[in-house]
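Protein chains in written order, with this note's numbering: chain A, 432 to 907; chain B, 1009 to 1182.
For the record, the hints were derived by calculation from the structure and aren't laboratory data. Positions of the beta carbon are idealized from the N, C-alpha and C atoms, including for glycine. Hints may be right or wrong, so weigh each one.
Stated by the list, open to error - To spell it out: a stretch of chain A is covered by chain B in this simulated footprint if at least three of its residues, at any positions, have a beta carbon under 8 Å from a beta carbon of chain B; those stretches are:
1. 461–471
2. 492–500
3. 650–660
4. 667–675
5. 817–823
6. 881–891
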Amino acid sequence: MTAKAMPFPKGEFQEEEDPQEHLLFDPRPREEMNQMVMESMRSTTGPFWVVVGILTLLVLVCLVGAWVYMALTGMGVAGVRRPTYWGMFIANFVFWIGISHAGTFVSAILRVFKADFRRPFTRAAELMTAFGLVVAGMYPLIHLGRVWVAYWIIPYPNSRWLWPNLRSPLTWDMIAIFTYLLSSTLYLYLPLIPDVAMARDHSNGWRYRLYRLMALGWRGTEAEWHRLRTAIQIFAFAIIPVMFSVHTIVSWDFAVTKTPGWHSTIFGPFFVVGAIYSGVSAVVMILFLIRTTLANMKYFVREEHFDALGKLILVFSFTWTYFYFSEYILAWYGGDLSDQYVWDALTKGPYAWLWYTMLICNIAIPWLTLWNKRIRRSPAMMFAIGFIVNLGMYIERYLIVPGMISRNRFPFTWDEYTPRIELVISVGSLSLFLLLYVLASRLIPLIPVWEVHEGQTAHTLRRIGKTVVPTKSEIE
Amino acid sequence: MSEGTIHLALFNAIDPAAEAIGKLRELGIQDKDMSIISSVPYSDRMLGRPMSWTFVPKIAIGGFIVGLVISLLLNFGTPLLYPIRVGGMPYLPIPPTLVLTFEISMLGLMFATFLGVIWESAFPSFGPKEYHSEISNGRIAVVFSCPAEIHNQVHDLLVAMGAEWVHRTEATEL
């Protein structure tokens, strides 16, 4: 059989992607990019202040007010009672820790692997990490009830000879979260320095004073860049195992107990995968909001970024499903009565409606939609999918915490958990996260301009034969 | 930089800036009397400059060791100082100790990395320095000091090489 030369069908070339659809192949002068980012920070319209006002009110009433009320009245206003002493507060804690994984994943792991599509949204993701941890860090305090004695957790010698056990998972939690919060904040701040120096050069008044202070006297000399890049590399490599450890330790809060459903060796990696899954989905939601509400952001945050993140979400959906099924089938096959009670409660008991909703949100919808490139490239669709995945992941945390603990080894204590003031405080904490993010969007450059500029410098279009090929130079 | 008038030349692109550095060297200006300021990191090799060194990795390792020592003291020292004996439990168990040892050591590493950058760069430093706000708009500045007798020669050379602006510069507040 001889090969026959056939012309390309009509339209074949029309479907080829225009390289200039990609941010890194569509460069603009640095001055223009700076102006675009500065304008996005300066423009505060009436609706912006309305949103800020509503969020502030929600924080004051639902978080501060409800928390103070609970502290003064007692934990009786919450839904936690025998046997469910860990309720929605702990589920929220796990959820927000999970959200905080997005920044490290998107920024550090993609940086280590030199995935250039990360460039315009690393900071948006890192901010999620910082604010997610702030919210997550509040929940153990809220859960304590008597928050004014929270310092008892801190290991220090005292007159009562109370020395908290450093080998307790709860102490691990406290120190791991502190490590992660501090390192994420520093990792957010280091690459921010050149951008706040840019903002300093383009500002006056109070903004100039703020950015001048934050820029620490940055000029951009060779030595400064060399140190900064070295430090960013060290952080990128070091923060990845810390990220893994934090959520593993959170999972061990549960897994080291003998509670049915919790005592599992797979909990560590399962929690980590779930955290990245929900975190990346949350990044998609944030990017959609940034793109639609901030000026000039359509240039920086493009369909290609939603496309890439959509693929990541799909991969993590597969991985999460694999872990969840492994967890389920071993408990099901093992036939241990205590485990069976837990899974019966989840699959055909009082929590079944939540369990099936979770499966639809975390498996069915991502699998049915994200294989499609058109859907992945639609920011609005991706926002909707990101929301659904996060809803599913929240339900997963809810089922793990109050769901599983309500079916312990003592059937005579079984009871259903109904959240009460927890619902109000949850709304307040979500509002706090959004408020911090909305305010930060007007104070710091959400786009790492120097990283985008660097990426655009490294990417060029090169003609090879009859076509133009995107080419990347290794300049990092 | 050695004694002499400090000049600042602004270039639009990296190629002429790198060329200019070579020419300045030919005129007898040493590398230690030159500095490049840019809004994007360029490697030493791109600029034709001697390799930069930094102590940040060593400082980071130092921080890791300090964190390790603190964590070992906390894990092993405190049960010895404040003993709480629980029947059947090992007094100094290794596996749960590893968790905090890892966390505190990594905290030490990252905190030291950050402090290393701050310390080596002498940050914060708001005092007068040679700078031009156009640098953050993508221009590349070559800052150098040269003797007064070759000033005009250097100026003409850099302008011929495409420098947009060459001037004696005075340090300004950042």
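These are the hints, each one checked on the structure:
no.: 1; hint: 461–471; result: holds (count 3)
no.: 2; hint: 492–500; result: violated (count 0)
no.: 3; hint: 650–660; result: holds (count 11)
no.: 4; hint: 667–675; result: holds (count 4)
no.: 5; hint: 817–823; result: violated (count 0)
no.: 6; hint: 881–891; result: holds (count 4)
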